[in-house]
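As they're listed, the protein sequences go chains A and B.
Sequence positions in the first sequence follow our numbering and run 1 to 672.
Sequence positions in the second sequence follow our numbering and run 1 to 672.
Please note that a few of the clues may not be correct.
A pair holds if it fits inside one copy or across any two, identical chains being indistinguishable in the list.
Heads up, simulated DSS-like pairs for lysine-lysine below, C-alpha to C-alpha not over 30 Å straight-line [stated by the list, open to error]:
(1) K553 with K635
(2) K218 with K181
(3) K405 with K199
(4) K258 with K362
(5) K218 with K199
(6) K362 with K338
(7) K199 with K181
(8) K349 with K602
Please keep in mind that the hints were generated in silico from the structure rather than gathered at the bench.
Number of protein chains: 2
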Amino acid sequence: MDIATLRKDHAEHWMKACAIRALAMDAVQAANSGHPGMPMGMADVATVLFEKHLKFDASAPKWADRDRFILSAGHGSMLIYALLYLTGYEDMTLDQVKNFRQWGAITAGHPEYGHVAGVETTTGPLGQGISNAVGFAIAEESLRARFGKKVVDHYTWVIAGDGCLMEGISHEAIGLAGMQKLSKLIVLWDNNDISIDGKISMSDVTDQQARFAAAGWKVLSCDGHDPFDIDRAMTAAKGSDRPVLIDCKTHIGFGSPKKQDTAGAHGSPLGPDEIKVTKEIYGWPHAAFDIPTDILKAWRAIGARGQAARADWESRLNALSATRKAEFERQMSGGAPKRLAATIRALKKQNSDLAPKVATRKASEMVLEVVNPVMPETIGGSADLTGSNNTKTGDLGIFNPQNRKGRYVHYGIREHGMAAAMNGMALHGGARPYGGTFLCFTDYARGAMRLSALMGVPSVYVMTHDSIGLGEDGPTHQPVEHLAICRATPNTWTFRPADLIETAEAWELALTAEATPSVLALSRQNLPTVRTKHTGKNLTAQGGYVLREAEGKRRAILMATGSEVEIALKARDLLQAEGIGTRVVSMPCMELFAAQDEAYRKRVLPAGPVRVAVEAAVRQPWDRFLLGERGREAKSAFVGMDSFGASAPAERLYAEFGITAEAVAAKVRSLL
Amino acid sequence: MDIATLRKDHAEHWMKACAIRALAMDAVQAANSGHPGMPMGMADVATVLFEKHLKFDASAPKWADRDRFILSAGHGSMLIYALLYLTGYEDMTLDQVKNFRQWGAITAGHPEYGHVAGVETTTGPLGQGISNAVGFAIAEESLRARFGKKVVDHYTWVIAGDGCLMEGISHEAIGLAGMQKLSKLIVLWDNNDISIDGKISMSDVTDQQARFAAAGWKVLSCDGHDPFDIDRAMTAAKGSDRPVLIDCKTHIGFGSPKKQDTAGAHGSPLGPDEIKVTKEIYGWPHAAFDIPTDILKAWRAIGARGQAARADWESRLNALSATRKAEFERQMSGGAPKRLAATIRALKKQNSDLAPKVATRKASEMVLEVVNPVMPETIGGSADLTGSNNTKTGDLGIFNPQNRKGRYVHYGIREHGMAAAMNGMALHGGARPYGGTFLCFTDYARGAMRLSALMGVPSVYVMTHDSIGLGEDGPTHQPVEHLAICRATPNTWTFRPADLIETAEAWELALTAEATPSVLALSRQNLPTVRTKHTGKNLTAQGGYVLREAEGKRRAILMATGSEVEIALKARDLLQAEGIGTRVVSMPCMELFAAQDEAYRKRVLPAGPVRVAVEAAVRQPWDRFLLGERGREAKSAFVGMDSFGASAPAERLYAEFGITAEAVAAKVRSLL
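Can you make the complete structure from the sequences, with help from the hints?
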């Protein structure tokens, strides 16, 4: 539908949509930076969505039963900022819009979760939003199964562009959604045939409709500039028994004489002349950032139209028993259940006595076996390595279209899609997701793992087979740099527990984290219990601690994590037999150790004794504790990996790569 | 087709295929580790491929015009090892097969490029092989356009399983291949409906045939156990005008009574009893590793059947002019053209004089503008950020179905697919690929970047917008941990050049690398030329060097890379004005610096002066040079990032994050 017809036959809609377009053009211009084309292209779709279909209340951004709206094409951030301002979200003032992309404004270049009420997830890196959305939809199904349709019944709407749909992660997301028949997931495809480099056909000929259909989705389409057609499609979408793609045919930079339908509209300010001409074409004779009162009023009414529905919902929520309601609120808030601490403590105590020899991936399973029954919001899974990751416990049940009460997701071979879905679940609320693969394949999930950290989402990554200890699968599977990678990422807890006790402690921290994702690096191979003396205190919370003190004058400190703690303890035995007093420090989480006060860190790592760290991984993160923290170059050494691994049984690999108790002891002697 | 029919009606084929099956079962059993099911499932397809279609000569694994065979389902490594032994590749002795997955054997758990003649690329991490294959096919098209069909005319065959096809990277690969109409790419899908966790339907309902058709592929299918049907499909595939998927319906663990069609056949030894029973069903009454003479002879004949074709090809190659032939061999060998060094030197000299102020992404383009014309084997590209990555130069032309002479690939929004395709191109030979995206989105390409390093493939990653210096796009786009990530990866050169001169030097190293991939981290923002004094020597090859010496007694050393070298030089100005002798070290490549001898490193970083490093990234990789290399904790400091970035203009960000000349100078003063 062309602009002339829109102005004539859909005047009220058109004016509302123009408000979005104008704000987008003006804000990008003021910032001299940003992406006007996408908001200009999708303003009609967004207006119909917010006006007629999206269940929301601008005065209650956290209303648990709101529809979720996700702008996967995050570069079009001015679209959502304009919507939030126009509909009346309190934080989104006109000043914020005017300060788009400036220091201190909530209107960041790409929408950021936690900065802006109404932004459900941080987007920008393409493909993430649509993949988060799968998680939002899973969480909605799961919560509805737990608490009933009267309390949980909402849609997840996504705007995604060609970029998102070309990204590999989108394949994983739509495959998962299709198999799971997530019928309340609706993706609006901004089909404008343009990407940064030019026409889509320069790089892709994919028939997206056929592709989505092949993945088990329902496919609809509409003229993305005809409000009646958009409305019809959205109505039809809501009646689907499977996820829906609505192919919205749009023009990027709609209305701009020079830039419409060109890549030039994508990521640069239009320029004042082009804005002027475009506004004339729109019939929008208003100054920059000026929204006429009647149009703003109409938008504010849209922002308020959900109030009645919300009031009704609150009555239904209050009609639950006090216990049920409290449980709903606890789950939605992310607070841990009361029984968690005691459950962890009991498991620790029992096993300090039993002192089993188990791989930490198995230890993790043992923890989950007692935790999952007391924490009904956990949703576990694995990217097709369930038996290896040990992520499934007896009580969970499989989550699938026949069993929404199931709490175990077979993600398939979709590490990145799994991670992004976990983020979405956690963001939605009511779900504490954890998912597994091999530590080496965090490489595939990196984009989403980074966003967990940036957003402050407590997704839990169960990463097993965490070193050359995995043996014969060889170097393509053996991580060496991955602990360094996770530790280099801000706001991420990288746990590498030595035994079942530390594993339980790590899980406790991971599951009570408010705003930090966790990586649990777990062994394939069996490891002895080293924490044989029970304490109710969570020592892993200190990040690092003295596991065994030196006997006699303390002349050496050994630092280790995970499977190498056993090696450090054996080295200690060798050294103590020679009268060399040796302390062993277990450091299951470097970040938490670094966060302790200096006095504590000094007690654990005093100046004086020589230091040797041993970890079957690269040295990079250890320099801080070998050379720093009162360490010294001449009195420190590292035993670990400085290359990729090899294919052989694990014991042979440890020997060939020189990661042995004898090697550690020899290093100590050479430093004394 | 069932086994009884195969034994009766296709006895010769069946026996040859059984040889593969038997070796796979026996080798996995001997190793007590590995994946027997896939080789047992695909042995019929593989036998027909090698016997009737694959153009190869076992005595000449490096024959430039051989067909390429890629086992994307790398866990099925015994399939290719068996094929290489049976067809007579010299290195693949029976001893090697018997030592599958043992220390020192070439028969690693997953096939490794460089270890085994006949293995075209390292696989194991799912989705990589099929994505490399796209690169192999692009290289073949490109080389054929350069040298003609008489010299370059071969297919790329891939065996891929459900795992590969569920991975997001496969979506990128098949989308790229479909648009590019890579008609000599044939994917054999091991369609056995099983993944590790069980039946595929537990996680996926995708109609793969429809999916591939939607991406522009031709789709065929066959009974994966009927040699006539397989042959028919392969013949039909070779006549296609677009890439081909052959859906081969197979049974994982074919013939094993207990394990066929189960996940149990995938990744565990069958056990001696099951092997015995299966061999009986096969009609294969031979001991472990025993291949009857007549069957081995038949296989060896297959391995030799390409000899005549190769001899003919060599005649055609020799019929080229001496110059053309030499150029062909140079390009295939990966050796740099003679003119490269002089070209780089001339550019350096010119610009030490001109001293332009350009972003290093722009500098990179300037280097490519002079290099691409003298190095006809470069193939550049970008994942839809051509204008931002500055990877396209005037002379390249666009590579697409209408122009195979083009040397620029619009990869689309496919960072991972691009990286894997680059690996494939480089492995194929005759191509020196480079590709761009934003440094932050190396996250998306990690899996393939790691394989570049593991395989020793000199792919060049042009990673622009390398810090908070990119400004308003904000923290989702601003890398902080990515230099640490690249530096933590073994066998990777991470270059962060300060100006056009260092950028030219970095490119020279990247393009002459034999077995090391390079990351070029480049700025979005303009930077001054700091290397104003020309030298023909490549100082970047030393990794780090004294850029400006101290005046007066040397009391401080500043270390910096890229955009922060300018900051370090300004800090030096401030300190020298106070009489504090300050040396500035530029460290464009930490790995190369660490590889210099100790005497050199000592000269650059002597004990004594205080040290401050400045880089708009996390500290982790700097501890080595601040606290080690004769540094001291109490006399060193870091100015950089310890959190994610923010959305604002770049100048504001540098100020707010305290990465300024004043801050660096203040740190020095506090340490003195």
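Next on the checklist: Check the structure against each numbered hint from earlier and tell me which ones fail, lowest number first.
Outcome noted: none
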